[in-house]
Structures are given as C-alpha cells and as structure tokens.
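J.: Read off the chains here:
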Amino acid sequence: MNGTLLRADNVSKRFGATQALAEVSFSLAAGERVAIMGENGAGKSTLMKVFAGVHSADSGSVTLDGTPFEPKTPYEAILSGISTVYQEPAFFSHLSVLENLFMGRQRHQLGWLDTAEMRREGEALLDRLALPARLLRRPMGELSLAEQQLVLIARAVAADVKVLILDEPTSILTDTESERLFAVVDELTSRGAGVCFITHRFDELERMADRFVVLRDGRLVGETATADRDTLLAMMGGRAGRTAGAGGTSAVPVADASDADTRVAEASDTVSTSTAGAQDDEPVLRIRSATLAGTFEDIDLDVPAARITGLYGLVGAGRTELALSVLGELGLDHGNIQYLGRPYRPAGARAALAQGIAYLPEDRKTQGLLHHMTVGENLSLAALPKLTNLGVLRRGLERSLVDRWIDRMRVKTSGTGAAITSLSGGNQQKVLLARLMATEPRLLILDEPTRGIDVATKAEIHRDVRVLAEQGIAILLISSEMSELLTLADTVHTLHEGQVTSTLRGAQITEAAVLRGATGTLADAASATPTRTETPS
Amino acid sequence: MSAATVAGADPIIRDARLLSILRWAQQLLMPVLLVVEIVLFTILSPHFMTSQNWVNIATNSADLALIAAGLTLIVIMAGIDVSTGFAVGLIGWFVATGMAQGRPPILVLTVALVIGIVIGLFNGALTVGLSIPSIVATLGTSAIFQTLLFALWNSTDVFARPVFPWLSGQARIGALPAVVFLVVVVYAALHLLLSRTTYGRSVYAIGSNVEAAALAGIKIARVRMIAYVILGALVGLAACLYSARIGVVQASSGSDLTMLAIASVVVGGTSVLGGEGSVLRTLGGLIFIAVLRNGVVLAGVPSLWNGVMIGLVILLAVSINGLVVRISRRQRRSL
Amino acid sequence: MSGILKDRRTALSVLIVVAVVVMSMLSPYFLQVGNLLTLVQYSAVVGVLALGQVMVILGGGGGIDLSIGSTMSLCSVIFGLLAADHGMSPWLAAAVALVAGSVFGTLNGLLVTGLGLPPLIVTLGTMYLYASLAQVVTGGVDVSGFDRDGFRTIGQTSVLGIPFQVLCLLLPLGGLMAFVTRRTSFGRNVYAVGSNDVAARLAGVPVARTRIMLYTISGSTAALGAIITASWLLNAKSTAGSGLELQAITIAVLGGAAITGGIGRISGIMLALILVAVLNNGLQLAGVGSTYQIGLLGAVLIGSMLVRARGQSKTLVA
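Residue numbers (my numbering), protein chains in the order written: chain A, 985 to 1521; chain B, 4 to 338; chain C, 1115 to 1432.
In short, the hints are calculated from the structure, not lab data.
Certain hints may be false.
Unchecked claim - Quick look at which bits of chain B chain A covers, simulated, 3 or more residues with Cβ under 8 Å: (1) 211 to 218; (2) 230 to 243.
Stated by the list, open to error - Computed footprint of chain A on chain C; a stretch qualifies when at least three of its residues, placed anywhere within it, have a C-beta under 8 Å from a C-beta of chain A: (3) 1294 to 1300; (4) 1315 to 1323.
Using N, Cα and C, we set each Cβ at its ideal position, and we do this for glycine too.
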C-alpha cells in the first residue's frame, strides 16, 4: 500500500439553505477500502459527487495523487481515474451490454470499431463478475436491476480506475453476486486502487471495508476500523459526540453510547410483538398481506385517525411503491385493503382523492409541481372539482380558498399569481401540502415531505403536520429522515427489503431501534428478496 | 368483513410471454407485410412481377431512398426534419437551371451537394446550436425553402435533364439501373457508419439517453451536427435524381417527399422516441411503400388508396411498438 | 409563466404595429376600412385550425396534430357528398361534418393516450389515412351543388361590414377557447397536464381523458374549417386542408405555444393570426404572391424561437 490517493480537506457544500457538507476532511489510501456510512441526507452522496465531478465544493480542496483535483464535469473525473456507480445509474437501455460497457471509450482504429477485441475484453470483464458472456448481446434494458448494476460496475472497472466509488452497490444484489463484487474489489485494491462504498448494510461490513467513516448532518462524526454494529449505529444516530476532524482515528465516544444501547435493548424486547395494543376505534386505513411481487411482500399496516404513523425504510425498501399501490397507481398482486371500515379497491390517484386519500409525492420537482403555473393554480388543482359550477371555475371561491391556505400554511410568496418556481423549495412544498389539504382528506400519505428543505421551513411543516393529525386526519408519514420520525410519529413501522421488520410505539421509537429494523438486522435479514430502487422513472 | 382482494394470476409471467410475442411481431412485421404485399400484387397484376416493373420501382423511389437514409440518423437521435421535401425542390431548381444553362455536370453536382450541406448546417445550427425543437425549426426552414423555390421558379417551369446518366434511370449497369447501385452504396455506407464506427455508437447513445451520453464523454453537438450535414448532402444528391426523374421543376416540387421520407423511416421500425432503428429497417419501410405505390396502380386500384394503406401500416407498426413499450414498462413497475 | 408569455404577446403586438405602419406606407389602400375588414377573411380558416392545434400542443406529451389538414379535407368531402349528392340540407350536413371531425380527432386521441404512442407518428398515419379516404370517397373530384338554404352566408356575407366567418365564427371561437382555457376546470387541467402530467395525475387530474378531449376539439375545428371553406368557395374539395397542418402549427408556435406543452395563451394565437393576416394582406396589396407569406411566416417563426432559445439554451432538445 502506498500513500494517500484521494484526499479532501475541509470540504463544504451548500444547497440553498441546506448545509450538505460542513468542513469534511477525508482521505483514501491506495489499496484501501472505505465504507462511508450515515443516514439518508447525512452528506455521503454529496461528498462522493464532489469527487465524481457532479458537484464542485464551495470551499476546501481535493487532491488526487497529490495534485489538486477539481473536475468540472463527471467525464473529466472519469478521465482522471475516478469512476462512480450510482444507485440509479444512467445507461443506454436500447443498446447492448457490450455497447454500454465501452460507450465513449471504444476500441477502434480511426473510428472503425474493433468489435472482436471489445467482445473479448467484454467477456473477460463479465467473467470477473461471474456474469455469463451471452449477456453481451442483450439490450441493457432487458436485464434485471442487479445485472444492470453489475454491468455498470464492470464498466467502471474496465476504465483505468484509480478510485472506484460504489453507491449502495449490494442493496439489490444477491449474496453470491455481492461475493463476486467483493472479489473484484479485492483485485482492484491489490493493484493499488482505492474503493469507497456507500452502504446501509451491516451484515457485510466486515467483508466490505477496512475502515468505516460516519457522516451526520454534513459533518464527519467518527471513524473506526472495526465493523462494530452498535458503535456505528450510535455514531450514525448522533449520540456520538461531534468528534469531527481530519483523519480522526477510531475515537468513539462512550458517554452516550451506553445510553443508546440500553434503549436498543429495551426496544428489541417488545419489537416483534407488532400490532398488539391496537387503537380502540377502527383504523382509517387497514392493509393486510399486501404484496407486489419483487417489490414488497405480505405487508400489514394500520393507519389510525388522528395519529401519525411513520414508515421508515432505506431507499429500495418498497415504501413509495406501497403508497402508490394503495393509490392504485402501481399494481397490487394480492392483499386486501380496508378504508374507513369498508373494502377499498385502489383505482388511481383521482379515485383515491375523491374518497379522501391524498398523497404528497416523494419528488417535488417531477411529481408535484406544475412548473409553468402560478402559486394559486398549483394550490387549487386538486380541489378544482369543488370550485366549479358546470365546469366553469368559480374564481371568487378559488381565490378565497387559495388565500386561506396560503395564510394558514404561511407560504411566503409575492402573491397567488406568482410563478411557482419563484418560491423556495420549502414554500413550494407547503403549497403542495395545501393542495392536498384543500381537498379535505381523511387520510394523508406524506412521502418524504421535507426532503431538501431548509431547517426553519422543515420545522414549520412538522408543526403543520402535527396540527393536521390533531384535527383527526390519519397520517402515514414515509420518511428516511430519522429526526422527522422521532419528532412526529406515534408509531413507526420499519420496512426492509419489502417487508415490515418491526413496529415501534411511543418510547420504543429510538434511533437505534428504527435503524436496526430498517437495516434488517432485527428480523430475518438473510431473505434474498430482490427489491427495486424507488424513484419511478 | 368482506374485503376487496386483488387477485394475481402471475401477471409478470403473462406479461413476459406477451412481450416476447410482440417482440417477434415487431421484428417480423415488415418482412411479412412485404412478402404478403408482393404475393398479392403478383396475383393481382401480371405486370407486377416483371423486371421492367422492378426497375421502375427502383428508379422512381431512389431519391426518396436517399432522403430516408439520412433522415434515419436524425430520427435515431430523437429528432425530426420536415424540411427535406422543399429542400429537394429548391436544390432541384438549381440543378435543372444549371443543366439548362449548359453548365458542366460536375459543377452542377457539386453545387447541389454544397447547397444540401449548407441547408443541413442551417437546420443543424437552429436545432443543435440554438436549441430550437427540431420539429419547429424545420417547420420554419421548410416554409423558407418553399418560398425560396417559389421566388426562383417565378412562374416559369424549368425543364430538367439528368446531370449524369448514372444519376437518372437511364444508365444501366448490367440489367439494373445505376441509381440502384448508388442507393445500395449509400445504405451500405450508412449502415457501416452506424453499426461499425464510434460515430454510429454515439448516435444511438444520444438517442437512448442524452445525459448518459454526455457522461460518457460524447460530443453531442458535433455528432448531431454531422448527422444534419450527412442528411443535407443526401438531400442534394436526391435533388439531382428528383429533377431527372420528374423532368421539370415547379413551385411545389418535392413537397410530397417530406412525409413519405418520415413514413419510410417509421414504417421501417425506427422509433421516433430515439435510441433504436437502422437504415436497413428504413430500407425495408421504403421498399414497402415504394412497392405499395406501384402495385396498387398496377392492380387497378385507384392510386387514391395509397394513403389509406400507408396510413394504416404506419398505425399498425407504431401500435405494436407502443404495446411493447407499455408492457415492458409495466414489467419494470415504474410510474 | 407570465414573464415569457408577456414578452411574447408584447413582441407580437409590436410586430403588428410595425407591420401595419410599413404596409400603410407601401400601399395607400392598406388602411382603408374595407381592406382592413377583409384582411382577416383569408385567415379565418387557418385561424380556426390553429385554435384547434394549439389545444393539442398545450396538452403536452409531445402533442401535435399533423392530421388536422387531412381531417379538414375528409370533413369537406363528407359535407359535400351529403349536401350535394344526397340532397341533405347543407346546414344539417355541416352538423354531420362537425360530428365526423370530432370522431376523427377522438380516434387520434385514443391512439395517442390509449396505446401511449407518439402523437407525431399517430397523426402522421391518420394524416395519410384521412387525406386518402377523402380522395377515395370522391374519386378525387371536387363536389359542388350545395348552394342552397342560404349556406353561402358563412363564407360570402358580411355582418356590420365584417366577413361573417370572422365575426360569427373565428372571433366567437377564439373567445370560447380563451374562456375554456382560462376559466374552466377543463382548461386548468389542460395546462396542468401540459406542464407536468405525472404531477397532474397524482393530483387527481384525469390526464388521459383531458388529452383525448384535446384531439376531439382539434378534429372539430378541422371540420369547422372545412365548412367555412365550402361555403366560401361553394366547392367541397378533397384536398381542402392539404398543407394547412403546417400553417396551423406555425401560427400556434408563433403565438407562443411551447411545443413541449403547458405554455401558451389563446390571446397569443389571435395576435399571431392578426400578424399573419396583416403580412398576408400587405404583401398582397404590394403585389407579392401568397407563397411569400409562407416563407415570411417561417422566418418569423424561427426568429421568434431565437428570442426564446436564449433563455433555455441549456436544455437538450432533439
């Protein structure tokens, strides 16, 4: 092993009001494998994207092989030897695996492709990941997600790679596939390359990395050389003191860790007794053995009125899919759902809304906002049926409804006629929440309601959500943000690989307990149910 | 408590089966339709299956073939060009006038190619350089070309003679008209370009996923610009064939070629959404349309029916495509 | 949305004023009342078509109706054959043609939304289909002989000195469309669907139904165009609408409709139409043929896109 390969010094990055990275220092030695850990939103991906040329740091410096490294484009980073495999990677679904492997760096003479040579190399590459050579000719789009991921890893490895960054590579791989990946990683590191993993899986940490770096709220909070689960959980959960700093050793503060441990112990006692102590009254939504093959399986879930029911799971756990299935926007292979005590058949978002089930989508930009329209038009959209007379808009009614909600949600806007895009992310989200509230729903499904929103607005939205629950609305809160669930939820269900792994109530809801459930370290984590990534395309 | 239970009769497997059937249909549609068409016309007309008729079909569709070949590159990159018809008419005027004034044929051919390339650069500059959606940009240039042609024409038909014998139906090589070889050479060259060169790979990559293409370091603007230039040059060449075939250049010359070229590409099975297709498919689509236009007349059906059949085949081909996309999307469980 | 749009409409208004000034200097007849009134007559048909076209474009999802001209041709011969050969009252035949147009449009809509096909190709297919059917049913011959029951009122009379088809059809239709797009929930849904169809669906907007309706509207306007033309020329041609699809799209885009959907106002389309009418008329008075107007239209279209392209130069368009 040689010296430092990749090094970041006091790197900071800010997105709007959110400090994604705060003075993070990090180094990767040649031949080293490092796991970057932390909750969603802790800044892991942002740090990796600074290395990959997707983001540029606001301050701080990065060096590669001892020379300053400031890639302006991802392509530049790749040319410099930093390859990244993202969780939701970009590839050419129409083109064959061979073409995907070599796109942009084909073997050729004067532009004339040397297909035979590429096929030879391609076969060798696939073989290293134990993929059959026949895949080479298949269109990329026809492969399973795991196969696609492996092909992209093969592509990254094929380049003359100095640093390989893998974002949750194993979340959709089977154990044997993971094993092949680790073998390839070993091969790379023995040649002097460095590898960064972003991961949530605890069961293979030992196999995966030599060193573990934990980020929280954009800061480096600790490093350790041993894959001790409880220690790591404690650091991720923030009970670890803020021991941020460059090149921190395996300094794990002990003070709060024991506290966390006792909570974990106390939580795990009662965890598996799931739905005991049900509410007196019938839940607003009752889901029984809901299954969507390959996505989620045998889900039982109750969402009572006037309560906030949390659903925690990592990306790919099947949370959003479950919500979309309840709406009827995704299928449901079997299972039965009752709504307000009556059988309910999902029939699309429109029908759901008409019955009082409102859904706040996960991705504000692609699934929520009408970008070309005004604040008022965005707000009143779902309530339009109530605001018309024979199809003609009752403008006075609409205006008063919009004004009322803008006032109630304290939306900061220059007026109802302002373009929705002129608002901050947090205020846009308030408008979308008001859009749903204006329909007077009985059940509100909130999917990552505060993702990418500044702290102050986040607190306001949290307050609003609590008020709504107090008014008797049943709320299903899907979140991958721990603090959100801890502050809001009355009950938390954790979802792991498409299954409910634990149900926590009241005092049982601790960070450690939730994380254990979500990472599958409580329930049977060995299940090889393939899950799918979440973002609908 | 009777609950609404959603039954599941293994929809994934059912979909997979349906999908593979549809993929077959997608692959086989054009060959099958072509064979059916040829058999049908052979039965209906004794004049159809004659060498002379095939020569006619070939010479009458050579200009369209060149345009459709170039257009395929644009369509694979999810673009479109609706200006090709009037571009042919416009260049055709220069060709006819040049020949009528007795200029050297080689000069006329060069001028045709140069104007074609300039037109390609113009369309390319608007769509690539200025980011105007290709349909809008070429709609605009089409109107401009139409007017330029009208202005040049100035109520005087220009009678045209072939630039070179090999650029018309006159010259034969063996039993075949020379233009057939020209078309074969162009298609072979473009096929090799698309399937065997880094440039071709870049074309497909851009059509499949522009962002991923940028990530792979592909110079997107340059690749698209080159495609417009190739199309422009082929339009210039097609204009020589066109003026020789029709024999006269008028105000509306070439106008019908625009939509026929698009139809050939689409019927051939190249997706307007980009990322898939080939010039060989376009050739299939083109032959289908050319044979149809010819055979319908020989079979005694009024040529007015041409459009009905072309329209139906477009809808059939695109419907199968649509089903494939829809079902594979359902399989991937995306919103 | 208001920023760009206001620019567009302001730009159009300025262009109109400039065009009027230039034209009145070129020709002393230009500013005479009679001329001003007939100025828009020529544009009535293409204006009606552009109103239909813009609805389809507004609905997004690559919405475009290439078949609008062919639909007009087919409706024209349906009308002609019913009124002339079958002796139906021309007014009744016109009503039948309107229904037929809406059916042809709906078929486009069903293919586009039901099978999820690209509108460009679907309407290219039906463009051939409808145009050819129009030829087939008439044998390619013009139909005439329906100058009864005062049918020529539509195309050949004036009310208050303004051509009937402009005052009683084009302007009311424009007003109706403006009302529908701005003041009804359907109109709001159109913009929502055009702006972001996933978001619209999750907010309970019936996306497919809305888009189908847009094609129905576009088919109906094509039929209206056919009726106006038939009354104007007293002749039902099987090629009545040929080439008008491109003009209709051009006017729609010139009027500020974004080809990607969700942006555009009916008032912009009307301004674009006025501009085109002024240019057409002025050039006619200046003795320039009508084909020049098409070229001018193309140049203005590209010019207007250049203004817009600067703002969004980073988007990757095909």
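J.: All the hints need checking, so say for each whether the structure fits it.
T.: Hints, one by one, checked against the model:
1. 211 to 218: holds (count 7)
2. 230 to 243: violated (count 0)
3. 1294 to 1300: holds (count 4)
4. 1315 to 1323: holds (count 6)
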